[in-house]
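Starting from the known structure of chain S, fit chain A onto it as the hints suggest.
2 protein chains.
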Amino acid sequence: MPAYAVLTTVSNQPGILFGLTRVLADRQANISHVDIISHVDRDTEIYLEFAVEGAIEPIVEGLRTVTGVSAVEATPSFSKIYGKRIVIMGGGAQVGQVALGAITEADRHNIRGERISVDTIPLVGEEALAGAVRSVVRLPRVRLLVLAGSIMGGDITNAVEEVRGKGLIVISLNMAGSVPDVADLVVSDPVQAGVMAVMAVADTAKFDIVRQQKRKY
Amino acid sequence: MPAYAVLTTVSNQPGILFGLTRVLADRQANISHVDIISHVDRDTEIYLEFAVEGAIEPIVEGLRTVTGVSAVEATPSFSKIYGKRIVIMGGGAQVGQVALGAITEADRHNIRGERISVDTIPLVGEEALAGAVRSVVRLPRVRLLVLAGSIMGGDITNAVEEVRGKGLIVISLNMAGSVPDVADLVVSDPVQAGVMAVMAVADTAKFDIVRQQKRKY
Chain S
79 MPAYAVLTTV
89 SNQPGILFGL
99 TRVLADRQAN
109 ISHVDIISHV
119 DRDTEIYLEF
129 AVEGAIEPIV
139 EGLRTVTGVS
149 AVEATPSFSK
159 IYGKRIVIMG
169 GGAQVGQVAL
179 GAITEADRHN
189 IRGERISVDT
199 IPLVGEEALA
209 GAVRSVVRLP
219 RVRLLVLAGS
229 IMGGDITNAV
239 EEVRGKGLIV
249 ISLNMAGSVP
259 DVADLVVSDP
269 VQAGVMAVMA
279 VADTAKFDIV
289 RQQKRKY
Chain A
79 MPAYAVLTTV
89 SNQPGILFGL
99 TRVLADRQAN
109 ISHVDIISHV
119 DRDTEIYLEF
129 AVEGAIEPIV
139 EGLRTVTGVS
149 AVEATPSFSK
159 IYGKRIVIMG
169 GGAQVGQVAL
179 GAITEADRHN
189 IRGERISVDT
199 IPLVGEEALA
209 GAVRSVVRLP
219 RVRLLVLAGS
229 IMGGDITNAV
239 EEVRGKGLIV
249 ISLNMAGSVP
259 DVADLVVSDP
269 VQAGVMAVMA
279 VADTAKFDIV
289 RQQKRKY
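Line by line, the protein sequences are chains S and A. The first sequence begins at 79 in this note's numbering and counts up one residue at a time. The second sequence begins at 79 in this note's numbering and counts up one residue at a time.
Derived by calculation from the structure, the hints in this document are not laboratory data. If you're wondering where the values come from, they're calculated on a predicted model, not measured in any experiment. C-beta atoms are modelled at their ideal positions from N, C-alpha and C, and glycine is treated no differently. Some clues are possibly wrong.
Derived list of chain A stretches under chain S, where covered just means 3 residues or more per stretch with a C-beta under 8 angstroms from a C-beta of chain S [stated by the list, open to error]:
| id | stretch |
| --- | --- |
| 1 | 81-91 |
| 2 | 198-211 |
| 3 | 215-229 |
The shape of chain S in the complex, shown without the other chains (with noise of 0.2 angstroms):
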C-alpha cells in the first residue's frame, strides 16, 4: 500500500488524536507513526504516517473538518529522511569516541544510500541509566544500542537483559561491572565500538553480529 505523510495543526485539547484518527480508520488507513510537536508561541501539530489503498486528497479533506484542526497538508514521510537509529549512552568521555567512530562509519554507509542516524545520551547513575536502556525499547526506529562507560552494573545489567530480551542488540565497551557479561558483543576500543555498532545494522555492510555472540575486542 502506498505510504502517506500529513502534518496538522490543531488546538492543544482532548479529543484531538480521536478525532483524526477516525477519519483514517473510517478508510481504513494503518497509521504507522505519530509525533505531537508542542510549541510554547502557537498551536500544536500532529504529524501522522499511514498507508493506505485509494488516494489520499479525501482523507486530507476528512482530517480537515475535524473540530479543532485548523489546518493539514501532505507532506514527505520522514522515516526514510532519518532512517536506523543507534543510541549511544553512558559517560561524556565516551560517548563521545563512540558516537566519532559512528558517525565516520554511517557517513560512509549513508553516501551509499543507507540512511542511519546516530543518537546519544551523555547519562551517568545507575538508576538514571537503567531506565533509559528500558525506555530505548520504545523509541521509533532504533536497532541498536551501545553502552559507553567505565562502570556499569546493578540494575542496568537487569535493564539490559530485558532489552536483549525484547530483540534489541545491545555493544557494551568494556569495562568494569556486570553489563559486559551480559551484552552481544564487548569491544575495547570505543571508536571500534561505534564502527561495529553501524555495521551491524547497515543492509550495506556484511558484518554478522549475530555470528560475532559474546565475543571481546
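Below, chain A alone, put in the same frame as chain S:
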C-alpha cells in the same frame, strides 16, 4: 494534571489507534506523545503519554477492552528520560567533531540535572539535507539544529530560513555557501559549535543565543 504513560501491545491493523484514543478522549485525557513501535518478529506496540485528572486504573482497564489490543501496562514516561534534543547534520567528519563538543558539554549539564540528548545524522547532498532540515521541526523535543559541513547552500539555505521561521535555533559552521548567512550563529571550530549548541538550550547555562544573533566566531 498528572501525567501518565502506557505501553500497549496490539495487532497491526487499521483502527487500533482510533480505538485507543477513543478511551482517552472519553475520559478527557490530553495525549502528549505517541510512539508506534513495529517489530518484525512480534506484535506492534503503541506507547502513549497523556495528562488526566483522576485515576489511571479505569483508563488501563478501558484500553484493555479495545479490539486488537492484547496487553496494556502502565510505564514510566520517557519525555523525562530523554529531555531536550540537539540535532547535528552534515558531513561525517564535521558532524563527529561537533558531536564530540556537544556530548561533552551535555554530560556536564546532565550531571547538574538537565536532560539533553545529542542526535546526529551524517548526510550529504543538497536535496537530502534540505529535506532533513525541513523535517527536523517535526521531530519531538528538538530545540536546536547544527549544520556541520564544508559547503552548504541552495535549497538547504531555503530550508534553514523556513525552520528558523518556525522557531528553531540554527547554528552553522563557518563554511562555503550561503547557509552561514542565514543561521542564528556561525562558529568556526566544530567542537566549540557543539559546546555552544548545548549552552544555548541548557537551563543550567547562562549563554543567551539571542544576544549572539548573527555573530561569527
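For this structure, which hints from the list above don't hold up?
-> Violated: none.
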